[in-house]
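If you're matching positions, the sequence shown starts at 1377 in the numbering used here and goes up one per residue.
For the record, the hints were derived by calculation from the structure and aren't laboratory data.
Note that the structure is a prediction, hence the values are computed from the model and not measured.
We put the beta carbon where it would ideally sit given N, CA and C, even for glycine.
Among the clues, some could well be false.
As the list claims (entries may be wrong) - Derived lysine to any residue pairs resembling SDA-like cross-links, with alpha carbons at most 25 angstroms apart:
#1 K1515 - A1500
#2 K1597 - N1636
#3 K1626 - E1705
#4 K1402 - E1483
#5 K1535 - G1693
#6 K1467 - P1454
#7 K1487 - G1440
#8 K1487 - A1471
#9 K1729 - D1656
#10 K1542 - I1399
#11 K1626 - G1608
#12 K1535 - L1584
#13 K1542 - Q1640
#14 K1626 - V1751
#15 K1535 - E1739
#16 K1626 - L1584
#17 K1515 - Y1505
#18 K1487 - R1448
#19 K1669 - G1608
#20 K1512 - K1542
#21 K1467 - I1399
#22 K1451 - Q1514
#23 K1402 - L1485
#24 K1467 - D1492
#25 K1467 - D1455
Unchecked claim - Quick list of simulated restraints, FRET-style, between CB atoms:
#26 S1531 - L1511: 50 to 56 angstroms
#27 S1712 - Q1566: 40 to 46 angstroms
#28 H1386 - A1471: 28 to 34 angstroms
#29 A1384 - L1733: 27 to 33 angstroms
#30 N1621 - H1516: 31 to 37 angstroms
#31 G1742 - D1679: 19 to 25 angstroms
#32 A1471 - L1733: 53 to 59 angstroms
#33 L1673 - G1750: 26 to 32 angstroms
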Amino acid sequence: MGLVFGVAYHILVIDDDPTTRLILAKNLRNQGYEVTTTNHGEAGISTAREIQPALIICDWMMPGLDGLEVCRRIKADPDLASIFFVLLTAKDDIADRIRGLDAGADEFLSKPIERDELRARVQAGLRLYQANQELKEQKHLLETELNEAAIYVRSLLPKPVSVPIKIDLRFIPSSQLGGDCCDFFWLDEQHLVMFLLDVSGHGLGAALPSVSLLNLLRSQKESAPQDFYYPGRILSLLNDGFQMNDQNDKYFTIWYGVYNQQSQQLTYASAGHPPALLIDANAAARVQVTPLKTPSLPIGMFDDVTYQTATCPVSTGSMLYIFSDGIYEFNTVSGSAWTLGEFGSLLASHYPKQSNLDSILAEIQGISAPGAMGVDDISLIQVQF
1377 MGLVFGVAYH
1387 ILVIDDDPTT
1397 RLILAKNLRN
1407 QGYEVTTTNH
1417 GEAGISTARE
1427 IQPALIICDW
1437 MMPGLDGLEV
1447 CRRIKADPDL
1457 ASIFFVLLTA
1467 KDDIADRIRG
1477 LDAGADEFLS
1487 KPIERDELRA
1497 RVQAGLRLYQ
1507 ANQELKEQKH
1517 LLETELNEAA
1527 IYVRSLLPKP
1537 VSVPIKIDLR
1547 FIPSSQLGGD
1557 CCDFFWLDEQ
1567 HLVMFLLDVS
1577 GHGLGAALPS
1587 VSLLNLLRSQ
1597 KESAPQDFYY
1607 PGRILSLLND
1617 GFQMNDQNDK
1627 YFTIWYGVYN
1637 QQSQQLTYAS
1647 AGHPPALLID
1657 ANAAARVQVT
1667 PLKTPSLPIG
1677 MFDDVTYQTA
1687 TCPVSTGSML
1697 YIFSDGIYEF
1707 NTVSGSAWTL
1717 GEFGSLLASH
1727 YPKQSNLDSI
1737 LAEIQGISAP
1747 GAMGVDDISL
1757 IQVQF
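With the sequences and hints as input, model every part of the structure.
Here is the structure:
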């Protein structure tokens, strides 16, 4: 069979004229290709799905489905779209060629058929097809690696706990994998640390620094636990050690909080990160949403940044949500951009009896436009005091 880059190829010919089918099949077989022929468009599409050819030569003018419509249907089918499509035509008008290109045709072959032109255009088409197949294989390998990386990142995250404080979390990596990471742990019997960080960018270039930061913080809490009681100090230390000029221009945002169980006080600081949202009911039993954020820049953008610390009381029964921006920065089914305020209102509508992360995420997915939530990682921590 015909070889391009050492690969054998199958070619499908679709033409209602038996003489043209015979000429094309004979010439292509003489060049070493495996050839299948059909005599009309519907049969051609069905045969293409069956044999998955590398290249199709299809007559433009045919009864029933003409070549343009066959081309449109082939290119609209994800399983067939990469097939190199050649329109066989006597049309030389530029407007006709544009119509063919708009339909998805990759090349044209003029009637009457000239053997050397047929050979040259088929070989050129198959070279492009082979290059496309190699790109698809590389894409598949990359997606496999990203999936494995996402599994690894998920394995590093803390597991939900129920006592002494109930903490649940969800991590939904994007199709490209991002830089989200989070953790929570007790410094002593009274002080609970919670943080969520998001490294800029996507792919392994964002995921690897995120994992490194997570591992660093976990190791430092053993060797220098005193720093972890002070959110502003921790952020300053991170900023000193992770300037973007030394980190391949990567910066990151973070929300970091320390809850004192005895005093029921939450001390926190943020660096360019979305505010955590505290949900509780006031004396009139009205649900209120309080954003917890301190004004500052992301970690790594500038040196000598002062990170402010704030404190707020936490009442029994309240909920704290810490999250990355992927959970609310998307377009809705109506085409409008969803906002942080709307996300807060949704959380309030679930408080307190339906504050289940799966039900919250399901409602958000119902609001989002198809595919809109797969652009960035989604991380969500829920703390029930």
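Exercise. Going back to the hint list, which numbers does this structure go against?
Worked result: 6, 10, 20, 25, 26, 29, 31
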